[in-house]
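There are 2 protein chains.
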Amino acid sequence: MKKVSVGVDIGGTNTAIGVVDELGHVLTKDSISTPDHGDINRYINDLAGAIRKLIDNAKLINEDIEVLGIGIGAPNGNYYNGTIEYAPNLSFNGVVPLVDLLKKHFEDIEAVALTNDANAAAIGEMIYGGAKEMKNFVMYTLGTGVGSGVVVNGDLVYGADGFAGECGHTTLIPGGRLCGCGALGHLEAYCSAPGMKRTAFELLAKYNAGDSLLADKSFKDLNSKMIYDAAKQGDKVALEVFELTGQYLGQGIADTVHHLSPEAIFLFGGPTAAGDLIFEPTIKSMENHLLPIFKNKIKVLKSELDAGDAAIVGASALAWKELG
Amino acid sequence: MKKVSVGVDIGGTNTAIGVVDELGHVLTKDSISTPDHGDINRYINDLAGAIRKLIDNAKLINEDIEVLGIGIGAPNGNYYNGTIEYAPNLSFNGVVPLVDLLKKHFEDIEAVALTNDANAAAIGEMIYGGAKEMKNFVMYTLGTGVGSGVVVNGDLVYGADGFAGECGHTTLIPGGRLCGCGALGHLEAYCSAPGMKRTAFELLAKYNAGDSLLADKSFKDLNSKMIYDAAKQGDKVALEVFELTGQYLGQGIADTVHHLSPEAIFLFGGPTAAGDLIFEPTIKSMENHLLPIFKNKIKVLKSELDAGDAAIVGASALAWKELG
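Same order as they appear, the protein sequences are chains E and Y. Whatever position you read off the first sequence (first residue = 1), add 681 for the numbering used here. Whatever position you read off the second sequence (first residue = 1), add 681 for the numbering used here.
It is worth saying that the hints were derived from the structure and are not from the lab. Misleading hints may appear alongside valid ones.
For chains that are exact copies, the list does not tell them apart, and a pair is met inside one copy or across any two.
What the hints assert, rightly or not - Simulated crosslink set (SDA-like; lysine to any residue; CA at most 25 Å straight-line):
id	residue 1	residue 2
1	Lys917	Ile854
2	Lys887	Gly857
3	Lys978	Leu837
4	Lys980	Ala768
5	Lys980	Val780
6	Lys978	Ala768
7	Lys740	Cys862
As the structure is a prediction and not an experimental result, all values here were calculated from the model.
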């Protein structure tokens, strides 16, 4: 009997679902729209149907499987209550008791659990990835926003209300850039993919850099992939974007180290594909901000989760963690 | 049989020792010099002798006591190894195996444990003080430096190497004031007692404030108590020092909340005697920096530990925590 869990990643436009084995391999996957109709019961019916169908598919491939759990990653997911609370990018209002609603469809399944996507990624790293042997580490996920998951003594830190691990909203620059959350100077406004774009525009303005490869892109059009491509071609502005992004990120990571003394910081997401371009300035800046007792001790590592399936795989790991 | 533990607080010039009961009451206390001769074995002999003498004293008062543990708070104290590591203010070089050395003198005592003073204070708050019912909180100690202790799920966070909880060294102002550790812009350079003095001098300069009550003090002479006294008399510079210190501290605390989602932040130390003068701007600033999901949820509380004996009492609590 092959034991599997189901990973569900609820995003703003799509909900991805996968059946994942104990090694983190996705046996089969599918996705449905995350609706904008705001009717949670209709969505839960659709989601439960899609999960059932996927499990049936998995049994067609390998009939000898047993589904032990369902793990869900969702924005503003509260682990303690199994709720999604006031998620700005979803159409469901207020507090949604997602785990309770889903459990009614899956009374045969032992564990149904929910957390936010960055926490799920951290658990994924611990169960399947580079943090298997680690008891204390922090995961930073760099994308449209910056999320994080904090692991202490082998357990994810949820804190008093289930929302711990929002390192993307620590203040880097007092009175600095407007963050999507409404506050000023948060890390996310500098180190997310849109934050890199903002840095590029600041530098274009600073250097009056009409000869930059980025100079013909509108603010709407420019993205972090274009910045990476320009950097690979030696574009000075693009290279400085990575340098500054690393400086910002290293400062934030040093704050995390001072709080938690982790063995490692894992970085996940698009910008990590740039390798040394982003890791070198990040590590250098982190070291500059650290107390002597922490210097040259903290590993900054690329996540070992496969980028394409990480959200599903991370969510599925939550179920194993519940059962373990 | 009354159960007691011994609390030892190793400071730069004095080592304070107390016999403490389970309610956190100091039954008897004493102190010896923390020597500058650098000879750890001589110091351990003196310390062990003083502890024995104090236990004998306690038995004279109440012969029916049983000493279950010794808890030690020390700068750069490493809980995992029981060592003091490269403490800049102590004369002992390198890594000192303090617990092992002390245990040789107290083979009859069940628990001998060591951590840094801020961690000890956090444990004291949890065992005897305002955090008795809390599982997730953070303690900030404001004094010559700024220390902190982080509690998650009812346990102190030591991290991968035993040094977690250095929130005083998070970066508040990139490229800002020189911190005692050598880095720039750390919280400690703004929110410690000397940090408040530095703020006062900046404001005297900014406003050319010859009429301030603080204008006749040299940099060497001015201290945070004088700033408090001037603030009580309505001195504008002194009042703004508290306002700014609160703004700085609130920013740092918000970073801590984003990492850990604690139920409460406890503040300990001299500046907290100023009450609303420091708490109001701290709370206001914290709220301004927080994500909406954390707003109006986090308590910022004054430590309930008695200022005079807090270091001893906190250290003694470490022993109870070991036994519990």
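25 Å Cα threshold - placement of isoleucine 854 relative to lysine 917: within (24 Å within a copy, 27 Å between copies)
Have a look at lysine 978 and leucine 837 and pick one of within, between, both or neither, based on CA distance no larger than 25 Å. both (22 Å within a copy, 21 Å between copies)
First find the shortest C-alpha distance between lysine 980 and alanine 768 inside one copy, then the shortest across copies, and answer within, between, both or neither for a cut-off of 25 Å. between (33 Å within a copy, 24 Å between copies)
What label fits lysine 978 with alanine 768 when the C-alpha limit is 25 Å: within, between, both, or neither? Result: close only across copies, 18 Å inter versus 37 Å intra.
Is the C-alpha distance from lysine 887 to glycine 857 at most 25 Å within one copy, between copies, in both cases, or in neither? Close inside one copy (17 Å) and across copies (22 Å); limit 25 Å.
Given identical chains, is lysine 980 near valine 780, meaning Cα to Cα at most 25 Å, within a copy, between copies, both, or neither? neither (35 Å within a copy, 29 Å between copies)
Taking 25 Å as the upper bound on the Cα-Cα distance, should lysine 740 and cysteine 862 be classified as within, between, both, or neither? neither (43 Å within a copy, 60 Å between copies)
Hints 5, 7 from the list above are not met by this structure, while the remaining hints are.
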